[in-house]
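Go by the hints and put chain G onto chain H.
Residue numbers (numbering that gives the first Met the number 0), protein chains in the order written: chain H, 0 to 150; chain G, 0 to 479.
Honestly, the hints are just simulated from the structure, not real lab data. Watch out, some of these pointers could steer you wrong.
As the list claims (entries may be wrong) - Straight line, CA to CA, 30 Å or less: simulated DSS-like cross-link-like pairs of lysine-lysine:
| # | chain 1 | residue 1 | chain 2 | residue 2 |
| --- | --- | --- | --- | --- |
| 1 | H | Lys80 | G | Lys53 |
| 2 | G | Lys366 | H | Lys100 |
| 3 | G | Lys369 | H | Lys100 |
| 4 | H | Lys100 | G | Lys346 |
| 5 | H | Lys100 | G | Lys470 |
| 6 | G | Lys345 | H | Lys80 |
| 7 | H | Lys100 | G | Lys44 |
All figures in this text were calculated on a predicted structure; none of them were measured in a lab.
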Amino acid sequence: MDNPSRHLSPRQFRGLEKLGDAYLPGDAQFPSFSACGCAEHVDCVLDYLPEDDRRDLKRLLWVLSLKPQFALTAGVWMLEKTADLPIPLGGLLRFLRFGLKGLVISLYYSGETGTRYHGPSPLDLLDYHVSVYTGDLGDAKGENSQSAVLK
Amino acid sequence: MSNKGLLNLLSDALKRPVAMYDFAIIGSGVSGARIAYELTAGGAKCVMIEAGRKFDRHSYPRGELGYSTQMFWGGGIEITHDGRIGLLRGKCLGGTSVINQADLNRFDDSAWDDWRQRSGIRYFQAADIDPLYDHLDEVVISGPIPRQHYNRNAELFIKALDQAGFSWRGITRSQTDCRLDQGTDCIVCLGGCPRDAKQSALITVIPAAVEQGLRIETEFEIHSLEHANDAVRIRGIQNGGQRELIAAKAVLAAGVLGNVKILNQSPRIAASLPALGTGFCCHPQYMMYACFRDPVDAHKGALQSVESHDERIRAAGVKFENVYAPPIATAMLMPGIRGRHLASMKKYRYMASMEVAVRDEPAGRIKLSKKGRLIVDKPLTDQDRRRMRYGWTLLAELLWSTGPQELIQCGHPYGLHLMGGCPIGTDPKRSVVGPDFRIHGQRNLYAADSSIFPSAPGINPSFTIMALSYKAAHEMLAER
Numbered sequence: 000m001d002n003p004s005r006h007l008s009p010r011q012f013r014g015l016e017k018l019g020d021a022y023l024p025g026d027a028q029f030p031s032f033s034a035c036g037c038a039e040h041v042d043c044v045l046d047y048l049p050e051d052d053r054r055d056l057k058r059l060l061w062v063l064s065l066k067p068q069f070a071l072t073a074g075v076w077m078l079e080k081t082a083d084l085p086i087p088l089g090g091l092l093r094f095l096r097f098g099l100k101g102l103v104i105s106l107y108y109s110g111e112t113g114t115r116y117h118g119p120s121p122l123d124l125l126d127y128h129v130s131v132y133t134g135d136l137g138d139a140k141g142e143n144s145q146s147a148v149l150k
Numbered sequence: 000m001s002n003k004g005l006l007n008l009l010s011d012a013l014k015r016p017v018a019m020y021d022f023a024i025i026g027s028g029v030s031g032a033r034i035a036y037e038l039t040a041g042g043a044k045c046v047m048i049e050a051g052r053k054f055d056r057h058s059y060p061r062g063e064l065g066y067s068t069q070m071f072w073g074g075g076i077e078i079t080h081d082g083r084i085g086l087l088r089g090k091c092l093g094g095t096s097v098i099n100q101a102d103l104n105r106f107d108d109s110a111w112d113d114w115r116q117r118s119g120i121r122y123f124q125a126a127d128i129d130p131l132y133d134h135l136d137e138v139v140i141s142g143p144i145p146r147q148h149y150n151r152n153a154e155l156f157i158k159a160l161d162q163a164g165f166s167w168r169g170i171t172r173s174q175t176d177c178r179l180d181q182g183t184d185c186i187v188c189l190g191g192c193p194r195d196a197k198q199s200a201l202i203t204v205i206p207a208a209v210e211q212g213l214r215i216e217t218e219f220e221i222h223s224l225e226h227a228n229d230a231v232r233i234r235g236i237q238n239g240g241q242r243e244l245i246a247a248k249a250v251l252a253a254g255v256l257g258n259v260k261i262l263n264q265s266p267r268i269a270a271s272l273p274a275l276g277t278g279f280c281c282h283p284q285y286m287m288y289a290c291f292r293d294p295v296d297a298h299k300g301a302l303q304s305v306e307s308h309d310e311r312i313r314a315a316g317v318k319f320e321n322v323y324a325p326p327i328a329t330a331m332l333m334p335g336i337r338g339r340h341l342a343s344m345k346k347y348r349y350m351a352s353m354e355v356a357v358r359d360e361p362a363g364r365i366k367l368s369k370k371g372r373l374i375v376d377k378p379l380t381d382q383d384r385r386r387m388r389y390g391w392t393l394l395a396e397l398l399w400s401t402g403p404q405e406l407i408q409c410g411h412p413y414g415l416h417l418m419g420g421c422p423i424g425t426d427p428k429r430s431v432v433g434p435d436f437r438i439h440g441q442r443n444l445y446a447a448d449s450s451i452f453p454s455a456p457g458i459n460p461s462f463t464i465m466a467l468s469y470k471a472a473h474e475m476l477a478e479r
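Same shape as in the complex, but just chain H (with noise of 0.2 Å):
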């Protein structure tokens, strides 16, 4: 498969693709965040980030690629814990939580998916379907739809 990203090179996506797993490794009913393909849209998310955050999170990405699985769950594992240090080493940690756990999540449960796979997507697994009525206002794409946008 050819680079999914413009942003990060094959081992930070690689990284990515193993802190994805750390939160999310799936089960028998989900995919595991680097089955269901939805870092290959994480250029959605870097597009709009701030220079400084995404420079330090390709950084990190590039490290994280080097760590064992292991390693990775028992990271993302302790800064779960992170809600009661006082600051400024709790705020750094929960920053960093934050940040890396939102991006995960929000890939995850984008609705996308990755070109190899065929399965259906976390949302379509939460049956989460949802819509707003724009039959009436004459749209080229909603005209006398229930349903033009879906979300």
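Then chain G, alone, in the frame of chain H:
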């Protein structure tokens, strides 16, 4: 006069900046849009400057990921310095009015009494502000969701409050013709309403102001302000290039974080504002979920339609609302990772939720780092924690009373109502904006958005931002 004298005069005249506009309005949300509308209606030549992009109902980004990254600051969410509270604010033409729930509430005496005491401003009382609310009620389309369109989440909320003997009411929302009977799900409209049912500034006052001559500049992020003789020089970046505008007067309507950042980056102005960045508050909101055996489908239909309306709950400094969140936001709120996280998310359709919003003390402070990044220091005071614990405990009791199988408590609060940072008041040492909405010591700089709030009212702020902005605009017009 000699030729040399004439030449000098001519040279000075050429160097003197010429104001291109009577008013430059920085920000396009509830405040900026209302001010732009009133000023242009009064004949003023205005430009509106917005850092975000212009979307419309055809071009709103699809999906939660799309709108979170493209229509919110910080790529979706910003975090307080201690990493505890997530802050959300809109970054698009129309500002937060495009992505909020369009709740319109009047302040009560408790809010006005507190504001009057803190600010020393006498017009903060119902007798003075009610006429403004009355006028806006006539021109802003709003109303409650009809009872037949309440979803099960709302009905469970009502059941919980009724059983406990607490009063509730339908939320007044600025919307019309949502077509809930045709299957519209309002949760979609958190990323902009695709049928323009939500009466955001983007589709109401902004186009009306444009018809009255308003010029709009989007994707133009202001860096600093500077006085230029009797005008204001406004500098920023637009489409990657430096841009500068000159206006006779400028109105800061970029919200709490925007206004504080711009003023901090304008050192000559900030130097005379010792209270700049103080008094930040945000009504921290905590969600709690109740899981049922049968689907609740809280994400379907009218997303948010009822709220607590009870003196005892109000006196305790909290407010309850019936609300739900789309999957990404919900997943961020769910505790745990891996199997525990997935187990919770699989109940997405089976969960009801309520939130408690805390009327927090204005103890927060906003400043800039050396790199120019916003630092929001927002400690919860002892009173905030007491209120949160009261709300949290009562919320759990209320939800248990509806008969769920389990409760999921989310310990990560978020703030949607960002207030303070440029508090209004009569004392320049303790406030930033004066009773006439001028920045202290600045003849031609104004603000009237939620950044001027002297404290948290414990009530949704939009309608009062609108009312104060209306008042401010007419004071500006009277002085032209």
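Hints, one by one, checked against the model:
no., hint, verdict
1, Lys80/H with Lys53/G, "40 Å, violated"
2, Lys366/G with Lys100/H, "26 Å, holds"
3, Lys369/G with Lys100/H, "27 Å, holds"
4, Lys100/H with Lys346/G, "20 Å, holds"
5, Lys100/H with Lys470/G, "44 Å, violated"
6, Lys345/G with Lys80/H, "23 Å, holds"
7, Lys100/H with Lys44/G, "47 Å, violated"
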